[in-house]
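**Q** So the chains spell out like this:
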Amino acid sequence: MVQIMSETLLEVKDLKKYYPMKTGFLNRGQQHLKAVDGVNFTINKGETFGLVGESGCGKSTVGRSIIRLHDVTSGNIFFDGTDIATLKERDLKKYRRRMQAVFQDPYASLNPTMNVFELISEPLKIHGSPSIKEQKEIILDLLNQVGLKEDHLYRYPHEFSGGQRQRVSIARALSVKPDFILCDEPISALDVSVQAQVINMLEDIQAETGVTYLFIAHDLSMVRHISTKIGVMYLGNIVEIASSDELYTNPLHPYTQALLSAIPEPDTLKEKRERIILKGEVPSPLDSPSGCKFRTRCPHAMSICAEVVPSMIEVESGHQVACHLFDN
Amino acid sequence: MTKLLEIENLKTSFFTEAGEVQAVRGVGFHLNKGEVCGIVGESGSGKSVMAKSIMSLIHSPGKIKEGRILLHGENLIGKSDKELRSIRGNEIALISQDPMSALNPVVRIGKQLTEVIIRHRKVKKKEADKIAVDLLRQVGISSPEERLRQYPHELSGGMKQRIMIAMAISCSPELLIADEPTTALDVTIQAQILDLMNELKEKTDMALLLITHDLGVVAQNCERVMVMYGGMIMEEGPVKDLFQNPKHPYTEGLLGSLPKQSEGVKERLIPIQGSPPDLLNPPKGCPFAGRCPYTMSICEKQMPPYFEVGIGRRTMCWLQDESKKDGANHE
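Top line first, the protein sequences correspond to chains A and B.
Residue numbering for the first sequence follows the numbering used here, beginning at 1 and increasing consecutively.
Residue numbering for the second sequence follows the numbering used here, beginning at 1 and increasing consecutively.
Simulated from the structure, these hints should not be mistaken for laboratory data.
Note that this is a predicted model, so its numbers are computed, not measured.
Glycine included, C-beta positions come from ideal geometry on N, C-alpha and C.
Be aware that a few hints might be false.
With a straight-line cut-off of 25 Å between C-alpha atoms, the simulated DMTMM-like cross-links for lysine to aspartate or glutamate are [to be verified]:
hint, chain 1, residue 1, chain 2, residue 2
1, B, Lys201, A, Glu265
2, B, Lys260, A, Glu122
3, A, Lys34, A, Glu281
4, B, Lys201, B, Asp129
If we take Cβ atoms under 10 Å as the criterion, some of the chain B residues that face chain A in the derived model are [to be verified]:
hint, residue
5, Glu17
6, Gly19
7, Val21
8, Met159
9, Leu185
10, Gln192
11, Asp214
12, Val218
13, Phe243
14, Leu258
15, Ile272
16, Gly274
Make a model of the complete structure from these sequences and hints.
**A** This is the structure:
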């Protein structure tokens, strides 16, 4: 197990995704919305990498770029050593099987006209063609794994609760035995008591199959619980990466500090973190500030922050931060 | 302390084609002047329907079947629309979860805000404009004169929620019901909004009923909390006391399913198995019996009464009754 952990499965290098926007009189002007603007990170096999940030920071775009749901503007995505960022759809197909996704809204991501059997057998049919009998066997196994029963097999999505639907989504993702699953806010739409069920299940599946997760969420306490490493995103950039415990006990970037201090702590015994209330709101990604993008809300902004874009500095082994406060 | 709001045995149902959905099944509590009280519960626990019942905003096919809602000792149920209009806004105000759908998208912010002020404060338009600018400043909106001329779509979610708060406090209500006021917002904006509400509360001494599913929000902002499940209040008590020492298995389960923020150790989460009860055919006994790890034979047969378990604390659970314990599944 330890050996597997150290192998890199995914390496993202200077990933950029710009969306062209028409602006101005009669849409003649053209601007770029920089959803993801140079993101670097690696995920090791069997690990869970958490990506956190506020809405609009580009975390979902990163996830979707990695599984190539859309084309990227520039940059590399090395999946098991191969750069899949520029692969053509035909060459991509074998990687499609190895990368699966679970999305936030289980109401929207399951086709309402297909029953559970059809939903889960679809990826099986696309990636190899087992007989109906084999399919049924595989699917029953999967249902068992995600805590659903055999009599759920021919039911339709509307007959399930949110938590059960998310289980179906997870079973569908697992059906083709992927190496990597993108979990894009998989528990945000669920109730607290059901969230824990799904999180435990994801952990069990990982322990059993050694699958790697990219876990995107805005619920910071759940992310800490499930992730090995965490990246914090702000306006299209990763501003800090560290192991999950390190990030929560020793946050360095002013944005990470503010983000963590804003979590309402349910434990009334615990000492309150000093609340850092950020002023203002996230600037528009169409018109992002020069230099460090966080400087307009940063309590420690200096003159250099407006001029120079801070680069990622490794402060300690495995703890990287992009902030001028840590320049030497 | 004087009681501002008293609710007795409130039952609200929706009469749908499939049958009667009993969203609120007998809720009773009181709220003192200037108090901040939290209501937590999962989706479908009846917390929003209860809030709407208090505001008399239940429309067909919904109906308040039973109970009394007393504001200053006066029953709101059965009042005419005209009478209610003078109470809503003036005495009770509601902020809802989704500021995007609470504002009219084709009317300028200024008009929506002054409409309320003109109606309830009986002032001229010019003065209302002045009050509106003042209010926006109070809720921390920069360049308020400009904002008044904008349409809702030009503002961000946090900004819209500030407008909603400004609207709610425009007639200085004695009670503000905030139904998931920060659920649609990011954490840093959530912190701003909660801070603002606390600040306003300090200034005006209004009572706040904060409805949320986030135990953290309750822990940080409320004095007293009620835990709702299946249309009923399962447990009630002072926040600190209740969170540290829950007396109902449901509260215990909710707290157990949250990740513990301790260093180094990764404890496994303890989820509550199963899913919430079907309110179309609610169980005869305790609504939580089907998911409770301590279920006893009586739990499924008979609805438990409230047991006093300390100062200001009550819980609806048979475990508190020594004589009813049969020890069947109970460890």
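**Q** Hint by hint, say whether it matches the structure.
**A** Checked hints:
Annotation: proposed proximity of lysine 201/B to glutamate 265/A holds, straight-line Cα distance about 21 Å (limit 25 Å). Restraint check for lysine 260/B and glutamate 122/A: not satisfied, since their Cα atoms lie roughly 38 Å apart, outside the 25 Å limit. For the given pair, lysine 34/A sits about 17 Å from glutamate 281/A by alpha-carbon distance, which is consistent with the 25 Å threshold. Annotation: proposed proximity of lysine 201/B to aspartate 129/B holds, straight-line Cα distance about 23 Å (limit 25 Å).
At its closest, the beta carbon of glutamate 17/B sits 16 Å from a beta carbon of chain A; the interface hint therefore is violated under the 10 Å criterion. For glycine 19/B, the interface hint is violated, the least distance from its beta-carbon to any beta-carbon of chain A being 17 Å, above 10 Å. Using the Cβ-Cβ criterion of 10 Å, the hint placing valine 21/B at the interface with chain A is not satisfied: the shortest such distance is roughly 16 Å. Against a cut-off of 10 Å between C-beta atoms, the interface hint on methionine 159/B holds, since the closest Cβ of chain A lies about 7 Å away.
Because the beta carbon of leucine 185/B sits about 9 Å from the nearest beta carbon in chain A, less than 10 Å, this interface hint is met. Restraint check, glutamine 192/B versus chain A: the minimum CB separation of about 6 Å is within 10 Å; hint holds. The closest approach between the C-beta of aspartate 214/B and any C-beta of chain A is roughly 6 Å, which is under the 10 Å cut-off, so the hint is satisfied. Contact between valine 218/B and chain A, as hinted, is supported at the beta carbon level, the nearest pair being about 8 Å apart and thus within 10 Å.
With 10 Å as the threshold, the beta carbon of phenylalanine 243/B comes within range of chain A, its nearest partner Cβ sitting at about 5 Å, so the hint holds. The beta carbon of leucine 258/B is positioned within 10 Å of a beta carbon in chain A (closest approach about 6 Å), and the interface hint is therefore held. For the restraint placing isoleucine 272/B at the interface with chain A, the shortest Cβ-Cβ distance is roughly 4 Å, inside the 10 Å limit, so the hint holds. Taking 10 Å as the C-beta cut-off, the interface hint given for glycine 274/B holds, the closest approach to chain A being about 9 Å.
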